[in-house]
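Student: Sequence:
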Amino acid sequence: MLKHQQSEKIALMLAIWEKVFHIDYLTEDADFFALGGDSLKAMRILSRVAQATGKQMSMRMLFDAPTLKQFVRILEEDPSLPPYISIRSQRNLRLNHFSSSSLWIWLVIMAWDR
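Under the numbering used here, the first residue of the sequence shown carries the number 108, and numbering increases by one thereafter.
Mixed in with the good hints, there may be bad ones.
Said to hold, decoys possible - For each label pair, taking beta carbons as the anchor points, the in silico distance ranges come out as:
1. 209 to 141: 49 to 59 Å
2. 145 to 218: 17 to 27 Å
3. 135 to 217: 13 to 23 Å
4. 173 to 115: 18 to 28 Å
Since the hints were made in silico from the structure, they are not lab data. Small disclaimer: the values here were computed from a predicted structure and weren't measured. Note that beta-carbon positions come from the ideal geometry of N, C-alpha and C, so glycine has one too.
Construct the complete structure from the given sequences, taking the supplied hints into account.
Tutor: Next comes the structure, spelled out in structure tokens:
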């Protein structure tokens, strides 16, 4: 069962890396730096990994484990990875530009209404 879960993780990471690097076929021995990886690609990979797995990994982890197989191993073995928290947009947000006196009056009115 563990082997099956690991192969699912590898398949997921392969799909993410292939999309980020625009390469149709990679193996689990693919090396981030040999593929031309940079900080922008690292952030894209880490963002997609967080969305797919719910785990937030650092760029340092990727740089320390540059092959896909090593990266998956860290993802599997490190239980201390913080959870990924999605930022949701708030509805009914207003963008207002006030002079300082208008802002003060608006803040008083908003506080009074509560």
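Student: With reference to the structure, classify each hint as holding or not holding.
Tutor: Cross-check of the supplied hints:
Hint check: residue 209 to residue 141, Cβ distance near 58 Å, so the stated range 49 to 59 Å holds. Range check, residue 145 to residue 218: about 48 Å between beta-carbon atoms, so the 17 to 27 Å window is missed. Between residue 135 and residue 217 the beta carbon distance is about 56 Å. The supplied range of 13 to 23 Å is therefore violated. Between residue 173 and residue 115, the C-beta spacing of about 22 Å keeps the proposed range 18 to 28 Å intact.
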